[in-house]
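Novice: Listed below are the residues making up each chain.
2 protein chains.
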Amino acid sequence: MRAITYTTTGPSSVLGLIDDKPLPTPGPGEVRVRVVVSGVNPTDWKSRQGGSGGEQLPHPLVPNQDGAGVVDAVGPDVSGVVPGDRVWLWDAAWQRTDGTAQEYLVLPSAQAVPLPEAESFDTGASLGIPALTAHRALTAHEDAPDRLAPGALSGLVVLVAGGAGAVGHAAIQLARWAGATVITTVSGDRKGTMARAAGAEHVVNYRTDDVAAAVRALSPRGVDLVVEVNPDANLALDLDVLAPSGTVALYATDTGEPLTIPFRPSMTKNIRYQFILTYTVTAAQTV
Amino acid sequence: MRAITYTTTGPSSVLGLIDDKPLPTPGPGEVRVRVVVSGVNPTDWKSRQGGSGGEQLPHPLVPNQDGAGVVDAVGPDVSGVVPGDRVWLWDAAWQRTDGTAQEYLVLPSAQAVPLPEAESFDTGASLGIPALTAHRALTAHEDAPDRLAPGALSGLVVLVAGGAGAVGHAAIQLARWAGATVITTVSGDRKGTMARAAGAEHVVNYRTDDVAAAVRALSPRGVDLVVEVNPDANLALDLDVLAPSGTVALYATDTGEPLTIPFRPSMTKNIRYQFILTYTVTAAQTV
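Going down the list, the protein sequences come from chains A and B.
Residues 1 to 287 (UniProt numbering) are what the first sequence spells out, left to right.
Residues 1 to 287 (UniProt numbering) are what the second sequence spells out, left to right.
Source of the hints: derived by calculation from the structure; they are not laboratory data.
Since this is a predicted model, take the numbers as computed values, not measurements.
Copies of the same chain look alike in the list, so a pair counts if it fits in one copy or across any two.
SDA-like, lysine to any residue: derived pairs with alpha carbons at most 25 Å apart:
{"#": "1", "residue 1": "269", "residue 2": "42"}
{"#": "2", "residue 1": "191", "residue 2": "213"}
{"#": "3", "residue 1": "46", "residue 2": "103"}
{"#": "4", "residue 1": "191", "residue 2": "202"}
{"#": "5", "residue 1": "46", "residue 2": "263"}
{"#": "6", "residue 1": "269", "residue 2": "230"}
{"#": "7", "residue 1": "269", "residue 2": "145"}
{"#": "8", "residue 1": "46", "residue 2": "57"}
{"#": "9", "residue 1": "46", "residue 2": "269"}
{"#": "10", "residue 1": "21", "residue 2": "36"}
{"#": "11", "residue 1": "269", "residue 2": "142"}
{"#": "12", "residue 1": "21", "residue 2": "41"}
{"#": "13", "residue 1": "269", "residue 2": "53"}
All chains should be modelled from the sequences, with the hints used to inform the complete structure.
Specialist: Written as structure tokens, this is what we have:
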């Protein structure tokens, strides 16, 4: 079968197509999935790029955590999944050599989740990292339950930084579904349209508008939770608009630099900073 | 009646004794307490000291959040408390002008908690800030419940930084009572004896021992929660010894400087940093 692999970290040119990878056989608790769409996230290309690039890997790697497809074979001791089921995949490449950028993929059955008929494989391949990260971020507040459901976030005000990004988009959808009031920031009109399409009721352009004033006009007591994509740029604003006992859920950094957190304002408001690396969380919850 | 007051921030010499303060009358939902012991915490003298000192206050203030005494009178609409009850007090001076450094004190009945006969007034006056801070710190981990009880922290490993301090002492006692494994750090033998008296099973001298090695010998997977009194000095160690999805509960700073948090290590381990200012938390929970 065909697969995309790389054996040295570096730019996208390290990726190569092979057509002689053996078809894998599912073991106990595993399923084999015919991949229809493979999803790419920043974590995928950052892993491929490596630290400085040029590191030789001990095994060829197939990239990409996310994907969607059709179950093709089922190993022993698997229940609830049968060949022909449409599924979405998560964490496929986490601590494994086999991501979703190949025709067939074997992985633990828990990582192949039923995909309703009405949902496209494109959607299915967009859920893993973005939607799980968004879910985890939205459950980080003290008053949020461990799992979202309609009404789970009723009464909470959520600020989604960068509502046009993949995690931001998923966070807006999930937060609205769970009953939160959602404010989001975008850099322009086109992104504002995307954020509104996700369900954002209140969209603020952070390049042209006073975000703190807009937040306060909507929620004088502040926001309970910030889903933060760029803390280096936004942390001062976040602290300014957070309500007491609020939470910042941090899932990305533009710089990788250490984050400088003002101590006394964080203490006075009892702020929680929750760092999130989705695939460690989800993997840990599955074990 | 007599009271200690100050009208200007500054060193302890701004405190004065007055003997003509009118005896206050409890209003609806309030009790009057004859104070037997007034407790002093860092937050009390830091408030008295002020920013640079010398600020003129709009009203005379009676210092001290904590205390213990005997209920002396009860206002309308108060149930479950009668004159003669021994009580401990919390947050007495929080957003009020009347702390515990006076002969009699009126405050909401919820802030006067029954003190068992077997417990001294000294103990009662030591509970407010230290024990509530410790309780809040110990419930900051994702796997901890909102309220501690025997068994609530079973399976969790807690590192208490500075186990001879007031909060550290309370954290050791509460964590052991709730079923956690407790490791604590101290600066010398005398403090180690104090920490052991609180119930610490594993005491490490951070001046002479390798704390990370000692923690790993005890718990190879790391610790789940750090109760941190001095994050500027200890954060690198905390990150090193934390287990995945661990929490740092921060309740004090030696410097007041912004805290620099390494981003990627915090993200890889899904670390939670919970800042705590006890009297805002407890006041918010009471409203």
